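We have chain H already, so just place chains E and B on it with the hints.
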Amino acid sequence: MTLDLALFLVLACIAVASALGMLLSRNTVYAALYLVLNFITVAIFYLLLGAPFIAMAQITVYTGAIMVLFLFVIMLLGAENLPAPNALPWQKPLAIALAAALFAEAAYLLIVKARSLGNVLPPAEAINATENLRQLGVALFQNYLLPFEIVSILLLVAMIGAITLTKKEKGARNG
Amino acid sequence: MVPVDYYVILSAILFTIGVLGVLIRRNALIIFMSIELMLNAANLAIVAFGSVIESFSGQIFVFFVIAVAAAEVAIGLALIVEIFKSKRSIDVDQVSGLKG
Amino acid sequence: MYFGESANYGFLFLAPWLIFFPTLGLLINVAFGHKFSERTIGAVASLATGAAFVVSIALAWTLSASHADVLRWRLAEWIHIGAVSLDWTFRVDALSATMMLVVSGVGTLIHIYAIGYMHEDVRFKADPRRFQRFFVFLNLFIAAMMILISADSYLMLFIGWEGVGLCSFLLIGFWYEMDTLGQPSWSNSYAAKKAFVVNRIGDYGFLIASFIMFWAFGTFQFDAVFAKAPQVSQGLIVAITLFYLLGVTGKSAQIPLYVWLPDAMAGPTPVSALIHAATMVTAGVYLITRSAPLYSAVPAAQNIVALTGAVTALFAATIAAGQYDIKKVLAYSTISQLGFMVAAVGVGAYVAGMFHLVTHAFFKALLFLAAGSVILGMERGHHHVEHAHQDKSKKGKKKQEDRGEIFDPGDMRNMGGLRKTMPVTFWVYMAGTLALAGIPPFAGFWSKDEILLDASLHNPTVYWLLTIAAFFTAFYMGRQIWLVFFGTARHEAASHAEESPRVITFPLIALAILSVIGGAINLPFTGFHHFTHWLEGALGKVEAMNLDMQVALVSTALALAAIAISWFLYGRAPADAVRRDPLETLGVLFKGMNGKWWIDELYQALVITPYVKTAQFLADVIDGRFWHDWFHDSVVVGGFNWASRIGLNVYADQKGIDAFANSLGAWTQSLSTMMRKVQNGFVRSYALTFLLGVVLILGYLVFK
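Protein chains in written order, with my numbering: chain H, 1 to 175; chain E, 1001 to 1100; chain B, 2001 to 2704.
Heads up, some of the hints might be wrong.
[What the hints assert, rightly or not] With a Cα cut of at most 27 Å, we get these calculated DSS-like pairs of lysine-lysine: (1) E/Lys1087 with H/Lys167; (2) E/Lys1087 with H/Lys92; (3) H/Lys92 with E/Lys1099; (4) E/Lys1085 with H/Lys168; (5) B/Lys2677 with H/Lys92; (6) B/Lys2035 with B/Lys2125; (7) E/Lys1087 with E/Lys1099; (8) E/Lys1099 with E/Lys1085; (9) E/Lys1087 with B/Lys2677; (10) B/Lys2228 with B/Lys2677; (11) E/Lys1085 with H/Lys167; (12) E/Lys1087 with H/Lys168; (13) B/Lys2125 with B/Lys2228; (14) B/Lys2677 with E/Lys1099; (15) B/Lys2613 with B/Lys2193.
[Said to hold, decoys possible] Beyond 12 Å from chain B on every Cβ pair, some chain E residues (computed): (16) Asp1005; (17) Glu1054; (18) Phe1061; (19) Val1068; (20) Ala1069; (21) Arg1088; (22) Ser1096; (23) Gly1097.
[What the hints assert, rightly or not] Beta-carbon label-pair distances, calculated as ranges: (24) H/Val29 with B/Gln2679: 33 to 43 Å; (25) B/Thr2689 with E/Ser1057: 27 to 37 Å; (26) E/Ser1057 with H/Leu7: 19 to 29 Å; (27) B/Gln2679 with H/Leu145: 19 to 29 Å.
Note that these hints are calculated values from the structure, not bench results.
Note that this is a predicted model, so its numbers are computed, not measured.
From the three backbone atoms N, C-alpha and C, an ideal C-beta is built for every residue, glycine too.
Isolated chain H, as found in the complex (with noise of 0.2 Å):
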């Protein structure tokens, strides 16, 4: 067993364990927590695959800036704990089934098809960060400039969305 092997298996209990306790947890603190360790296990990953740079935005972004919104709204609704009277009983069990059935047909087809491509880079070659930063700019602002610049009005979009949706109407109910 190699050390980035037991890396990765040491990161990938890390992230399953807190994904299942956002899950589970009855506290939506606490399931935005434990979600915010599981990005950061995820960032830490894209650094071992090579990406430092997805790894940065992945902190700042998700971690950083969405989870903190997230956080924010938590305490703007209160984190409470919902009733128990569930309408919809059958709801669980066939949703374990379902996703159950999910994992199963998605793991056969992902590693049926995968386990030609084989191995990841090893961790020495792709933690040159400067040079693949600088590809990834290259490529960003040449080949796929074009997207990136609807990217940006889609986040302009989506902020003045995000303002009109939550702007007190004049006159309008209190509420």
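Showing chains E and B alone in chain H's frame:
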């Protein structure tokens, strides 16, 4: 050396957990977080594959996914706030006005 | 080559105008006739036919100048289906050119005559507006006849054949709502119907022959058929020729289908002259002559044709001798003379047959027109007498009853002594009579003698039948002359008869001249066989025959004897005393002659009555009682009622259709109630369904 299958399996596990979160939990915020988890699982698979074939395309794609996710969260959280304003609850089961 | 040869010659391009001119005339009269005066209508129609005559002359001249046997002018593509390839082609050869000249020439004279005749006829029958219709029909007939004559194939000939049949029907039934005496009745309509139905039987033969022909030859074009004839089996050609003979017996009024022609006299007299004497009825003779190569190939069929013609000639001549109606006599005379022609073409004497066709067209048209003039004269006299009566007694209303009977201007027993009151008519009638009786040197003598000569050489039976028929011909014409023109008037009307106006007498005189000198086209002396040589182009080499003194003397002697006998019987006695026919002493024989040998009654008993009985049986029993009363009312309606009341209402409708529809509704309702639960408004539930779909699709990919 880590085979790419491992990453893929991990990605599938995370994705399935996200699916379960969406289906089982009634808290709109948790559901939303589960969606983010699913996105992350997909991103992880993409980057892993990109690393195997030594291509930047996967990273670029994930970059765009992150950007779009940011936009999505902005709108989604705004909507949840609005729902809460009208229903006084973030239980998605309360939002069943389109019942047939 | 086939069409190219035709394009270069003289006036050949005028060929389609044979049809276009009469059609133009009838269209003008149809469109504007109601605004024209009678004179204009008549002038348009006569000019149209006259133009066709000019075209015929031009075509005949072109033909003789070109020294070709046949000229063709292709007007248009007609039928191109599979193996059939027919063009609308005009055929100009000696045969068709002869017919064109006769039809348009005699036709023009009759048109002119008809202007005067119809002027009075429509007034006697009290419907002057029909004047226009008459000339439209007349022009239509000329057009159809031209199609028949100028045809280059049997199919095109058939178009004209049917066209003239239609015109014949329309014109026989011209005064469809009255009888020949102008009394309200449907007898004219019946006559028209009879002509049409009897002709239909003949047309059936024509069609069957054409079908066989197409099956055996694969074409309708004359020359192609004749060229292929030697390769076709004798039996088929016999069948074709005999079926065509059936068509001929219909159109040319031969035994057994002649019965329509006497009744066809219901049409106005110009129609009788043009259609039922000079032109249309000769179409059958023309058809056989045209098919000469086919008939010459099968002697058996030729014999049947000859015998049919000869028997008809004698048979009709005996009937003609017993008739009292001036037009009926001529009608049977026409049948008889057509028999001569058919017999002639039957023995292979095509030239003689055509020769007689031409001269007959002259003198028979003349006789009919003159008879029409006589009838008009009698009508005028009748009117004169009536007016006189009215003025004297002032009891005009009762005059008809006083007299006790309706005046028949065509009955020869009412006539007598017209020689003095109608001198022009008398003289032209004499010319026609002598021509018909076969007295030399009138036209009829030459043509009839040529037929007799040919018959004597080829078929003695036919020769003797025809000779006896010629005797009867002279007899009945003599009888007619004595009864009509000599003696004294047997009726007031006859004594006051008036001569016809010039528009009527002019065509009479023209035709009389032709009847006198018409024989000159083919005198039986070496160097005078013009007509024979002219027809050689169409019929091939024909042996021109000179006068045979024996045949000529026998026929002339018989004719003179017959006239003498008729004088003895009818001319000698004071006419006013004889209301009883001297022939009545013959007893049953005369009854037979007068009663047309009861052929109409025979047909009535043999064909029509069984037919009507069968039709009545079918109508009353099969259709009425069985089909309508029993099957429809009982089975269908009753069954329907029963079924609807019991079976269908309860079982089919309520328990079947209703139940099905209701259960469909209920099922849909319950299904939707069930489905409604799926649409529960819970987002998570929808997501679950979504996931189910994803799992299924992935499962498909896995197990693909």
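Consistency of the hints with the structure:
1. E/Lys1087 with H/Lys167: Roughly 17 Å between the alpha carbons, so the hint for E/Lys1087 and H/Lys167 holds.
2. E/Lys1087 with H/Lys92: 24 Å, holds
3. H/Lys92 with E/Lys1099: Cα-Cα ~20 Å, so holds.
4. E/Lys1085 with H/Lys168: 11 Å, holds
5. B/Lys2677 with H/Lys92: 18 Å, holds
6. B/Lys2035 with B/Lys2125: 21 Å, holds
7. E/Lys1087 with E/Lys1099: 16 Å, holds
8. E/Lys1099 with E/Lys1085: 21 Å, holds
9. E/Lys1087 with B/Lys2677: It holds: about 23 Å lies between the C-alpha atoms, which stays within 27 Å.
10. B/Lys2228 with B/Lys2677: At roughly 88 Å apart (the allowed maximum being 27 Å), B/Lys2677 and B/Lys2228 break the hint.
11. E/Lys1085 with H/Lys167: 12 Å, holds
12. E/Lys1087 with H/Lys168: Between E/Lys1087 and H/Lys168 the Cα gap is close to 16 Å, so the pair holds against 27 Å.
13. B/Lys2125 with B/Lys2228: 54 Å, violated
14. B/Lys2677 with E/Lys1099: With Cα atoms ~9 Å apart, B/Lys2677 and E/Lys1099 stay inside 27 Å; holds.
15. B/Lys2613 with B/Lys2193: Satisfied, since the Cα-Cα distance of roughly 19 Å is no more than 27 Å.
16. Asp1005: 17 Å, holds
17. Glu1054: Since the minimum Cβ distance to chain B is about 27 Å, E/Glu1054 lies beyond 12 Å and the statement holds.
18. Phe1061: Given a closest Cβ separation of 21 Å, the condition holds.
19. Val1068: 20 Å, holds
20. Ala1069: For E/Ala1069, whose nearest Cβ neighbour in chain B is about 18 Å away, the distance exceeds 12 Å, so it holds.
21. Arg1088: Non-interface label on E/Arg1088 holds, nearest chain B Cβ at 18 Å vs cutoff 12 Å.
22. Ser1096: 3 Å, violated
23. Gly1097: 6 Å, violated
24. H/Val29 with B/Gln2679: 33 to 43 Å: Holds - the Cβ-Cβ distance for H/Val29 and B/Gln2679, about 35 Å, lies within 33 to 43 Å.
25. B/Thr2689 with E/Ser1057: 27 to 37 Å: 34 Å, holds
26. E/Ser1057 with H/Leu7: 19 to 29 Å: 26 Å, holds
27. B/Gln2679 with H/Leu145: 19 to 29 Å: 45 Å, violated
Checked against the numbered hints listed earlier, the structure breaks hints 10, 13, 22, 23, 27; every other hint is satisfied.
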